[in-house]
Amino acid sequence: MFESLQDKGHATGVHLRGARKSFGALEVIKGVDMDIGRGEFAVFVGPSGCGKSTLLRMIAGLEDTSDGSIAIGERDVTHEDPADRGVAMVFQSYALYPHLSVYENMAFSLRLAKRPKAEVDAKVREAAGILQLADHLEKKPAQLSGGQRQRVAIGRAIVRAPEVFLFDEPLSNLDAELRVQMRLELARLHKALGATMIYVTHDQVEAMTLADRIFVLQGGLVQQQGAPLDLYDDPSNRFVAGFIGSPSMNFLAATVESRNGSGIRARPVGQPDTAFDISLAAPPDAGTRVTLGIRPEHLVIRGDGLRVTVDVAEELGGVSYQHGTLEGGEPVIFQQTGVRHGMSGTVQTVAPEEGRIFVFDEGGGRIR
Amino acid sequence: MTAKRARNAAFSGIILIAAAIWIFPLYWALTTSLRSENRIVSDAGVLMDELNFSAYTSVLSTSKLPIWYLNSVATSVIITAIVLITGMMCAYALSQLRFPGRKVLYLVVVGSFMVPVPALYVAQFVLMSDLRLVNSWWGIILPQLIVPVVVIVYKQFFDAIPKEMREAVLLDGGGEFTLLFKLYLPLNWGITAALAIITFISAWNNFFWPFLVVTSEDMMTIPVGITQVNDAFGVAYARMMALALLAAGPVIVGYLIFQKRVTEAVMISAGVKG
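Chains A and B, in that order, are what the protein sequence lines are. For the first sequence, position 268 matches number 268 in this note's numbering, and the numbering has no gaps at all. For the second sequence, position 138 matches number 138 in this note's numbering, and the numbering has no gaps at all.
Watch out, some of these pointers could steer you wrong.
[Stated by the list, open to error] Straight-line C-alpha distance at most 20 Å; calculated SDA-like pairs for lysine to any residue:
| # | chain 1 | residue 1 | chain 2 | residue 2 |
| --- | --- | --- | --- | --- |
| 1 | B | LYS163 | A | SER172 |
| 2 | B | LYS182 | A | GLU138 |
| 3 | A | LYS140 | B | TRP189 |
| 4 | B | LYS163 | A | GLN92 |
These are computed hints drawn from the structure, not numbers from a lab.
Here chain A stands alone, though its shape is the one from the complex (with noise of 0.2 Å):
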């Protein structure tokens, strides 16, 4: 299946060594490596600000790298135009050429190179094929519809099997129901392909379900990579704890009552009643002040621990969220099954699961 556009399509990785950017005097990416294997599916995820476009338009030679290195395969790309590095890219508000019809679309980039009338009229039915478009091709993207015009930009990435291939926030302008739709055919797409992709969202549901590896960026920064389970269940900093996981994690200031060889007892800062005993590696000093983080799944109702008044409850079907606050007016949020009444107005007492709680020091760094 799709084997003329595969031939071509040379997946290929990515590598970044000390990666900058600056415009004027403010830096943007501050110093990024990163490798990108083949046919890898690699999603940049970060607040809005955080550099993930900027990288990515670095990447494709929109933007100019101010310091560093940017290689595809064995080549270095650094100072290559955009059309010589062999990306494509699919851009958030699609792009298309609103005087070509869907087919010519589709067909510029193959014409510009001169590519024989056969073999561009083979690649563009064939990419229509994939992309169901093939009832719309002499229709002019104006009369399309958003899902359909998302695909149409896809398609001219696929025609000219790049070696990677870049998306910057290609669902965001799509309603909620088409971009579940549009990320399930991306994720098919990626496997049919076999190419390396790269995806910039600062949406984290699409960074987890579409990602073999997720970059997470804040401030010019990879603050963590690695694949969406494992900075799920092992976040390297409080930042990524909080951005990975939805809805956030719970963070409750507390102080070291006491440490042992194992770990430590935390006691949070305005809980007399509740101290919390932590595994650790490398438990810090009694006195010590640090941050807990608690994701909202990994609360549960029990007869002793944190007295959360609950004030809004999310009822979404299958799981409830009760978000509250503690007596010092420290937020919670906690998750629920089953309960389809909300606990809203109500008191009630959680505690986190037995190695569920994530310790962080004062400047955001995991203690392990």
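Once you have looked at the hints, place chain B on chain A.
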């Protein structure tokens, strides 16, 4: 209801009267051109009561109308083509390329908009004379090639094209020429047509510059040629009107064909000129 109908009828009446006043000179020119010279200066009434084509046959057989047509068409077409191509390229550079002095250059273009063209006639005439271009097509054409409004309008429209489209073309392997001729120009055919019409009409109607730079009858454009009929035949009203109508003919036909575009062009031009 009746009051409203009466108001509408009154309004329509006023419009009809205004239209009649507006069209009367054209009607009068046509009527005059279809009369004998003697009749015109004796007892000419308002009604068109004579169909005498002698003025037309006289003008067509004795004047250099076909050559003036050729001169007008050739200079206007060349001016339009060069103004559009250079204006579009200049606007593209100012809009899309990043180079030192870009903003200053744009200010110069905008500033040149404020210089009244007649103020340049003497300098331009001396220049054309030095270049030995008096009495030539290029003498008529060159000074009319500077049309800042074309650059300003194109730049505004180029600025509005999303950056991602430009980047998509760059990734697809296109360069600046591909961008200009396969993206920016096709996306702006409407405005190109409008600018072409403005430029063509302005060049076609230009009287004063061709009148200054051309003295040979063989190089005259139609507006200048009309004055020669006056010289050759004395006060020859019928022939002058016949020639004026023949001169206006292609423009009227062109207007009827491109009516919608011309209206757009005038509106764009008015919008930019404020």
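Quick rundown of the hints versus the structure:
1. B:LYS163 to A:SER172: 18 Å, holds
2. B:LYS182 to A:GLU138: 18 Å, holds
3. A:LYS140 to B:TRP189: 16 Å, holds
4. B:LYS163 to A:GLN92: 12 Å, holds
Hint compliance for this structure: no hint is broken.
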